[in-house]
Amino acid sequence: MSLSRRMRRGLPSFLSTALVALVLVVLFGPVLLLALFSFNDSTVISLPWEGFTTKWYSAALDDSGATTSISNSVVVATIVMVVSLVLGTLAAWGLTRLTFRGRPLLAGIHGAVLVVPWLIIGVAGLIFFSQIQFALSLQTITLMHVVVTFPLVVAIVSAGLIRFNRSLEEAAIDMGASQLQMMRYVVLPQIAPSLAAAAIFAFAWSFNNFEISFFTGGFEQTFPVWVFGVLRNSSNLPIVNAASTVIALGQVMLVFGLWYGMKLMNRRRGGTDADAAKMLTGGVR
Amino acid sequence: MAASAQTAAPMPVVAGERPGPLKRLLRPLAFMSLPTAVLTMLFLLPMGILAYYSFQFGDLTGQSGFTITNFTDILSDPLYRDVAFTTFQIATIAMIAQLVVGLPIAYILAYRAGRFELPLLLALVLADELNPMVRIYAWRMLLGREGLINETLMSIGLIKVPIDALLFNEFSVIVVLSTSYLTYTVIPIYASMKAVDSGLFDAARDMGAGWFTTFRRVLLPLIAPGIFIALLLVYVPLFTDFAAPTLVGGTSGFMLGNVVSDLVLETGNLNAGAAMSFLMLIAAAGFSLVAYRLSRIKQGA
Numbered sequence: 001m002s003l004s005r006r007m008r009r010g011l012p013s014f015l016s017t018a019l020v021a022l023v024l025v026v027l028f029g030p031v032l033l034l035a036l037f038s039f040n041d042s043t044v045i046s047l048p049w050e051g052f053t054t055k056w057y058s059a060a061l062d063d064s065g066a067t068t069s070i071s072n073s074v075v076v077a078t079i080v081m082v083v084s085l086v087l088g089t090l091a092a093w094g095l096t097r098l099t100f101r102g103r104p105l106l107a108g109i110h111g112a113v114l115v116v117p118w119l120i121i122g123v124a125g126l127i128f129f130s131q132i133q134f135a136l137s138l139q140t141i142t143l144m145h146v147v148v149t150f151p152l153v154v155a156i157v158s159a160g161l162i163r164f165n166r167s168l169e170e171a172a173i174d175m176g177a178s179q180l181q182m183m184r185y186v187v188l189p190q191i192a193p194s195l196a197a198a199a200i201f202a203f204a205w206s207f208n209n210f211e212i213s214f215f216t217g218g219f220e221q222t223f224p225v226w227v228f229g230v231l232r233n234s235s236n237l238p239i240v241n242a243a244s245t246v247i248a249l250g251q252v253m254l255v256f257g258l259w260y261g262m263k264l265m266n267r268r269r270g271g272t273d274a275d276a277a278k279m280l281t282g283g284v285r
Numbered sequence: 286m287a288a289s290a291q292t293a294a295p296m297p298v299v300a301g302e303r304p305g306p307l308k309r310l311l312r313p314l315a316f317m318s319l320p321t322a323v324l325t326m327l328f329l330l331p332m333g334i335l336a337y338y339s340f341q342f343g344d345l346t347g348q349s350g351f352t353i354t355n356f357t358d359i360l361s362d363p364l365y366r367d368v369a370f371t372t373f374q375i376a377t378i379a380m381i382a383q384l385v386v387g388l389p390i391a392y393i394l395a396y397r398a399g400r401f402e403l404p405l406l407l408a409l410v411l412a413d414e415l416n417p418m419v420r421i422y423a424w425r426m427l428l429g430r431e432g433l434i435n436e437t438l439m440s441i442g443l444i445k446v447p448i449d450a451l452l453f454n455e456f457s458v459i460v461v462l463s464t465s466y467l468t469y470t471v472i473p474i475y476a477s478m479k480a481v482d483s484g485l486f487d488a489a490r491d492m493g494a495g496w497f498t499t500f501r502r503v504l505l506p507l508i509a510p511g512i513f514i515a516l517l518l519v520y521v522p523l524f525t526d527f528a529a530p531t532l533v534g535g536t537s538g539f540m541l542g543n544v545v546s547d548l549v550l551e552t553g554n555l556n557a558g559a560a561m562s563f564l565m566l567i568a569a570a571g572f573s574l575v576a577y578r579l580s581r582i583k584q585g586a
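Taken in sequence, the protein lines are chains A and B. Per this note's numbering, the very first residue in the first sequence carries number 1; after that it's consecutive. Per this note's numbering, the very first residue in the second sequence carries number 286; after that it's consecutive.
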């Protein structure tokens, strides 16, 4: 009896380890190989290994398409992050803490933006800007990124606002704090981890966005649009490997940085790491 | 109490400050006017113009006006019907593949992973944050005719000629899409599993239920909302994706997203492109609404 039960438990645990390992290999293996082959001294991306080189990195640095598109993406994503944080936090407060007519409708529209496919928003943006005769550029990309990204901030920050106890705010007001003091000393420390998560996700959403940038960018390219263009017109290129490796490394560092930052903030507030994980995954949902 | 909040009667009065009628009007305005303006200008208005364009025709002679031919052309064209079917096929297979892998992964994360739970969760988030275009490129590098899989198999003598079936077809699109959205499939299901009291499993087992009965009769009804949310988050983007089919799909992996992109950017027929987008939007909205409703119903039960 006990043996069979142990076997029943033992077998799945072996299977589950195997399954998790397989999924991790499938998710990260290709990107790791891509990074590995950015150091291969050969113009074709294949075995055999021809020797270690960093020449593809200097080649990527000399490629104006690569450097311009990466710097475009960084600039756009930074602006989108800041603007989305402001708009999203305003709306999150309004939608969770105030009562007014039309609130359910407004909340619904914020949510609708998150489920409309980016392809369709991109096409709509393209037609809209051509209708009002506004030239497509990085500006139009930024505008459209903001409108799809700030509702994500609303979702993350609202979740943070709902999670913590409102009576703290009322207590602060009772004790004579002004609205501004209450916001600064009571609300802000509570939602700081949510804000940090929202900031990183907003940056990533803008940085990774392909569809909207593709349709509303005109002749200006962000990083995903540049990669798309290169791959569509030619076969695989080692400089794309090099540029992609740099980007992937930056994103890995960003996610880990966020994770440690949130753990730290959360521990200081007396929360557990699981709470921090909940906030982190909040950006995915 | 909640009902009176709408009328002139004040909310439960907190000693000290009691917001006057003017403040109660101005405060929502202060917080909501900017976000609402942005949504109106850059979301509602463009969507309205998209809908308007889809009912317009315009030709080179400068004539234009109202028409529904954009829609009838699309709906009667057998080519579009084929593409729609391919799209449906690819999106559905990719979705099923992700559920088949995602359900056990979510289960392991929620109940079995122990101290590995958070690192694995972090890995999933990281997988999602990696640039999608980089991921597509990585797969293309692996699956191509001169890709790493073919080269490796040939160098160890397992095959003589490269396998062409790996890239530029429906299979490669499904592989790329399934790996792209796995995070969004796992996390909602994982979250709904976390909310289930695992003592229920012991109870079910003590009453003699096997693992399958436990899964079907106990766990599945409780995590159904999470599954519907995963469907909502993943199926619609799968349906409208066009980067993956363009880069790894070849001719047989041509999807509806490619049709829209070609109509708008290659042929420059904005009206037809708008009509196609509008149809896809309606399909997406219908699907989202059903999935959302289902997730709510189950939660109430």
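Some hints could be false.
Unchecked claim - One-sided and incomplete, this derived list gives chain B residues near chain A with beta-carbon spacing under 8 Å:
#1 L319
#2 L517
#3 L564
#4 I567
As the list claims (entries may be wrong) - Derived EDC-like pairs: lysine to aspartate or glutamate, alpha-carbon spacing no greater than 20 Å straight-line:
#5 B:K308 with A:D174
#6 A:K263 with B:E402
#7 B:K479 with B:E402
Worth flagging that the hints you see were computed from the coordinates, not collected in a lab. Note that beta-carbon positions come from the ideal geometry of N, C-alpha and C, so glycine has one too.
### Query
Any of the earlier hints contradicted here, and which numbers?
3, 4
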